[in-house]
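Residue numbers (our numbering), protein chains in the order written: chain H, -6 to 511; chain U, -6 to 511.
Worth flagging that the hints you see were computed from the coordinates, not collected in a lab.
Among the hints, erroneous ones may be present.
[As the list claims (entries may be wrong)] Simulated coverage check for chain U against chain H, where a stretch passes if three residues somewhere in it have a Cβ under 8 Å from a Cβ of chain H:
id	stretch
1	82 to 91
2	133 to 141
3	279 to 287
4	344 to 350
5	376 to 387
Note that the Cβ used here is the ideal one computed from N, Cα and C, for glycine as well.
There are 2 protein chains.
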Amino acid sequence: MSLVSLAHKRSALCSLSRCLTQSSLWSRGFASLPEPISDDQAPVNSKDGKVLHPDLLNEDFVGAEYAVRGELYLKGEELRKQGKEIIFTNVGNPHALGQKPRTFNRQVMSLVMCPTLLDHPKVAELYPGDAIARAKQCLSYFSGGLGAYTDSRGSEGVRKEIAEYIERRDGYPSSPNQLFLTDGASPAVRYMLNAIIRNDRDGILVPVPQYPLYSASIQLLGGRLLGYYLREDSNWSMDIPSVKRQVAKARADGIAVRGLVFINPGNPTGQCLSVENLQDIIKFCHDEDVVLMADEVYQTNIYQDERPFVSCKKVMMDMGEPYSKHELLSFHTISKGALGECGLRGGYVEATNIHPGTIDQIYKIASINLSPNTTGQLGMALMVNPPKEGSESYAQWKEEESSVMDSLRRRAQIMTDGFNACEGVSCTFTEGAMYSFPRLDLPQKAVQAAQKEGKSPDTFYCLELLEDTGILTVPGSGFGQEEGTLHLRTTILPQEDQIKEVMNRFQSFHKKFLEQYS
Amino acid sequence: MSLVSLAHKRSALCSLSRCLTQSSLWSRGFASLPEPISDDQAPVNSKDGKVLHPDLLNEDFVGAEYAVRGELYLKGEELRKQGKEIIFTNVGNPHALGQKPRTFNRQVMSLVMCPTLLDHPKVAELYPGDAIARAKQCLSYFSGGLGAYTDSRGSEGVRKEIAEYIERRDGYPSSPNQLFLTDGASPAVRYMLNAIIRNDRDGILVPVPQYPLYSASIQLLGGRLLGYYLREDSNWSMDIPSVKRQVAKARADGIAVRGLVFINPGNPTGQCLSVENLQDIIKFCHDEDVVLMADEVYQTNIYQDERPFVSCKKVMMDMGEPYSKHELLSFHTISKGALGECGLRGGYVEATNIHPGTIDQIYKIASINLSPNTTGQLGMALMVNPPKEGSESYAQWKEEESSVMDSLRRRAQIMTDGFNACEGVSCTFTEGAMYSFPRLDLPQKAVQAAQKEGKSPDTFYCLELLEDTGILTVPGSGFGQEEGTLHLRTTILPQEDQIKEVMNRFQSFHKKFLEQYS
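Here chain H stands alone, though its shape is the one from the complex:
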């Protein structure tokens, strides 16, 4: 960067002027240094002989919190290493709890990974014909095979298949050039927040409760998190008045409100937003100049029929101008849905109505990482184009897919009913996504016991639950919750033969807990 201009960077307003000075940096070489800073000394550089002392790290790096793998997870890992059986319901990681991948998808990936097999005389004895054909097609998307970097946005062939999938889903055009593939959806969210957040005067609206990727990323990027509430009493719908209050307050405090994040279906809250709720938020964000960030990674995890998933893009386009021209970033992944291919790390962001110059900037930043991993990209292609009806592998694929989805629907019901059967626990039905977020009404004695240990009451509760039952959950405080309320998040992912046992263990623990502290 231009070292001279850097001294002023935090206050600089127009990025272009700096950009221009920068482009001449290399040809000037590095000899130049910033003008002396007279106002104070060099920052403290080491402590106890360590430059990388925890007290001397980037404060946002230290301050960022991620409860999904926080205190509870570390405690659970510790207990597991001591030989205790732990049920990891802290993170949406289906395969870790026994869910199987789609046979067809993995057959195709297996062939693309080892293309010499395609010429093997006996390949047809191990792989079905349509898997072989699909492997050859996918291989054509990766010149040099899976071992070569692709375009930094991801393979064009894969992006084409995804754009067609989006068009089929919404009935509106998409384009490979507005898609960026990433190693899971999380890096896509971070790219976008990194572009949006300029300094600690830029605010991003985030739901409460939220998925802590957002709070952690906003902090890492030095921005301001502006929480708006979801209304538990109306099935965790977005509370537009709360959004408006936060925006007004932020503006009064000199904060630019840059973006609004919503998660549909909800994590950790499991709601499916109504079209009306989406229209309200689109209208508001358009009128107030706020970019929409639609986290739609659970779009195929739907467990009720009243409110099927409708993408924010479709709702926006259906509304017509001016709303159909609003800036929207939509996120999707292979980690969720019925696939649950978390480990492959595949995701994308679709950038709708985003300025071409900004698309160029995002492309440039993506290129610093060269390319997303090719296996994840391949997995995305297979997600958006499964075997066609009538093809050799269709029946098996369909059977596998349905059995996962039907089972998840049953499990969503079992968990909700199980929690609601407990004294002092109330749980909204998991309409979508992969989580239950029951509300806990804990006795005063338990709250005091938690305070004595310097822990929030829900953390205290989840730790006791873990030690007693081996069930690893995440306290509501890790996601944010309205003052005076307590929750926990659990996935609905334990397999059906296990989940009743999990619920039994929870219920007897909860009974014991109430007895102990009342």
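Take the given structure of chain H and dock chain U to it, following the hints.
Below, chain U without anything else, positioned relative to chain H:
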């Protein structure tokens, strides 16, 4: 983050106090907002109706430059789409230029990707026995298979294999707990820089010329890049006096010098550093409290016998205390070496002598991304433990491995000789890595023609080369070069049947260019 404390964050010195206030954020809910900022208004939030207008993005996001996929690459892609044959020597991407993966590694990965094959009665007719056995072993490292998130540091089984590999290489202990696996080495570099850089008063020493991942990441993270020179006249060795000058200057200007990056073997410069040169820099960094960042991703790409690769860790340990206790971060990857598995995105950082509290903080930040992709992790295990001598697949693996390395050695010589045969071109021998970095002595008329187009002379030259020959290179100005010198970077990766033709094309172009502009 604590919204209240954020207003002060840029000036806050102790991160711990903030950290404590943060942990109570969620339980307090989001209602609170920062105290009003009286000194000025809310920042500008949109332009021409776009919040994400290129003029209103994060200035470091816009300012970051990455020449490897910059103007030349985009021009090359444009010409390719117009049907012109382009030879992509801009990036170290071996498979894209025809290099083949190791058959054994891909067989193992193919099986792990589709584990049902392992129970198939005919699996042994497609896969050798040792690949099947290795697949079963690797599968045991991934509970839930490749579809499940691993520990955020990467699978413990894979980290164990890597730690043992490092011990065999250096003769000193390593541990899975000081290893972090990432999606290629680039994210590992960014994690570490993110932890180290606190604000624009923190400086990182980076070689000139350098790999632009460093300049781009330091800018994205808002730190200060402090360039030190490599001495072209002594085979691109580290110029310790230049390092010392930069440190003295930086301190005088109130900059904390936090880290020093070196790349060995060098990118783009191809040098292999001598043990003496490494000892000098280790001594200096220890005496001056500067963290060492050793980019050793090309450690197996060695094309001469005088200076075999020695890791910075081994040199440091051999020196004994106090140097053997110095803070060191070492980076490695599957993207380079004889494997060149760029697309899989596998890499690691080994954190030596790093404070345990800092390791915990890095682990926490890694957990926000849940886990590195599993295929890349698997690829790392296969890289550090290839087939053993005597095993069924050893002969073929060895033959494939050697043919790549022998050919690279020949190609390094062909490129160097080819460049040196040209008038006004001088090129140090590519001792290691994958690049030639010839110095160009361009006629004054060419420099003027470049200025007329507002381009640096080396960019002008590389663009003409691209349009005339289809050879896509990167101008030296993209890596940094001493004032008044001009270079270009090309990989040595075109296959041998191609590379002589590439060099012929270059030579006739260069001749034409000199005639045209002299």
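| field | Those earlier numbered hints the structure runs against, lowest number first | value | Of the numbered hints, just 5 does not hold.
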